[in-house]
Amino acid sequence: MKLKNIMALIILGGVGGSLFLLPYMKYYFYNQMLDNTQLSGGELGFLISMFGIASIFTLIPGGVIADHLSNQKCILGSLLATILLTIIYSFTYKSYLISLIIWFLLAFSTLFLAWPAIFKLVRIIGGESASTAYGIYYASTGITGASIGYLMIKLYSYLSINNSNAYSLSILILAIANIFIAFIFYYVFRDFKYKSISNEAKNTVNQYLSLLKNPNIWLISLVFFCTYSLHIGMTFFNPYLTSDFGLSNETSGTLTLIRTYIFMSLTPISGFISDRFFKSTLKWFLTVCPIILISFILLNFKIDNSLILISISMITSFFVCTIYASMFSILSECKVPINIAGAAIGLVSVFAYTPDIIVQPLFGHFADLNQYHLIFSFLMIMTVIIMIFSFIILHLIKKEK
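Residue numbers (my numbering): 1 to 401.
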């Protein structure tokens with residue numbers, strides 16, 4: 001892969017890393033949000049559910065737009081709209097109603113404009129090395145998200161000692177970061193040229209309808225649903241460690257940033273292994289899912305040693321990051337045409353991110369009741385489903401050949 005393409009993927013990862021920090025802030029700022037907004041874990045979960053509900057109406061139209069309009073303009077518009085919503089939230093976070101409206105609108109400012117456009121660009125730039133390209137993208141996403149999130153946590157810890165505006169000022173860090181990323185993205189991509197295949201075949205209604213008739217698309221959607229459920233589950237190690245083992249908010253939040261973002265910076269390694277040695281993302285899924293399953297089985301036993309628990313959570317989170325970061329490359333493996341890739345990404349994303357509507361509040365409720373074993377049991381089931389349907393998709397691909 002050319003250096004110019006790698007740099008482009010890194011910049012796109014920077015966009016993804018900063019753009020979604022606000023809607024998914026509870027992942028790394030959970031206890032700080034509880035303390036300042038006076039909301040319960042279930043109510044925080046419903047914020048993301050509101051984001052997920054809105055995504056149902058935005059992802060597919062956003063995918064079609066990504067197939068027809070400039071992907072660069074879609075992404076830049078997304079950054080500008082998200083900056084505005086971030087600034088508004090920093091002054092209105094004490095109102096739950098306004099927060100719900102903001103999280104609903106965030107789906108339009110992020111998912112509608114940027115999500116399919118970003119992932120279509122990643123696939124075009126990556127070419128035949130799709131898994132590696134997605135790995136580079138998510139590595140950049142991880143480093144960017146971890147850096148900004150860690151800065152937020154440290155700033156809040158410093159200011160909260162004697163400043164009542166600590167939470168609001170911490171939120172403004174996100175707006176500043178998005179402004180900075182927007183300038184870099186515009187500068188790099190204003191003259192960026194890539195070979196887009198989208199113009200080589202004219203999109204027709206029949207082509208889009210063919211997605212609905214493709215059994216692989218629906219099986220992929222189910223695998224994505226379960227994979228994203230695992231990704232959500234990883235964020236609940238944060239309240240688990242603070243409530244059951246007494247870790248400080250700062251320490252637990254830092255561990256969450258490592259699990260959620262730093263591990264993402266290592267995903268190009270798994271992407272390279274998947275492309276170079278397995279020649280298949282699905283085979284990588286079938287290799288690491290048994291490890292994830294064993295980890296959840298162990299977590300269902302009562303573990304009193306916090307060091308052992310942290311180690312298991314880190315191992316589990318690392319492998320979950322590797323499959324989450326590479327899951328969209330399954331579309332390339334299934335030979336979904338690039339000229340309707342935006343619509344395909346939008347369609348599978350509707351189902352992939354439905355856990356934001358269902359799983360988030362459910363896990364939040366379990367966390368409020370301190371019933372974390374129910375979360376781990378649910379994630380065990382999701383892992384088994386991933387293994388079963390990854391095998392089925394792989395069989396269908398071989399059959400088609």
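These are computed hints drawn from the structure, not numbers from a lab. Careful, some of the hints might be misleading.
To be verified - Computed spacing ranges between beta-carbons, pair by pair:
id, residue 1, residue 2, range
1, PHE277, ASN300, 14 to 22 Å
2, ILE88, LEU212, 20 to 28 Å
3, GLN72, TYR96, 29 to 37 Å
4, PHE391, LEU84, 14 to 22 Å
5, ILE88, ASN163, 14 to 22 Å
6, LEU209, ASP304, 53 to 61 Å
7, ASP244, PHE180, 32 to 40 Å
8, PHE272, SER311, 24 to 32 Å
Glycine is no exception: its CB is placed at the ideal position from the N, C-alpha and C atoms.
Here is how each hint holds up against the structure:
1. PHE277 x ASN300: 14 to 22 Å: violated, 32 Å
2. ILE88 x LEU212: 20 to 28 Å: violated, 38 Å
3. GLN72 x TYR96: 29 to 37 Å: Because 36 Å falls inside the window, the suggested range holds.
4. PHE391 x LEU84: 14 to 22 Å: Given range 14 to 22 Å: violated, Cβ gap about 45 Å.
5. ILE88 x ASN163: 14 to 22 Å: holds, 21 Å
6. LEU209 x ASP304: 53 to 61 Å: At roughly 56 Å between Cβ atoms, ASP304 and LEU209 fall inside 53 to 61 Å, so the hint holds.
7. ASP244 x PHE180: 32 to 40 Å: With a Cβ separation near 38 Å, ASP244 and PHE180 satisfy 32 to 40 Å, so the hint holds.
8. PHE272 x SER311: 24 to 32 Å: Holds, since PHE272 and SER311 (Cβ atoms, about 25 Å apart) stay within the stated range.
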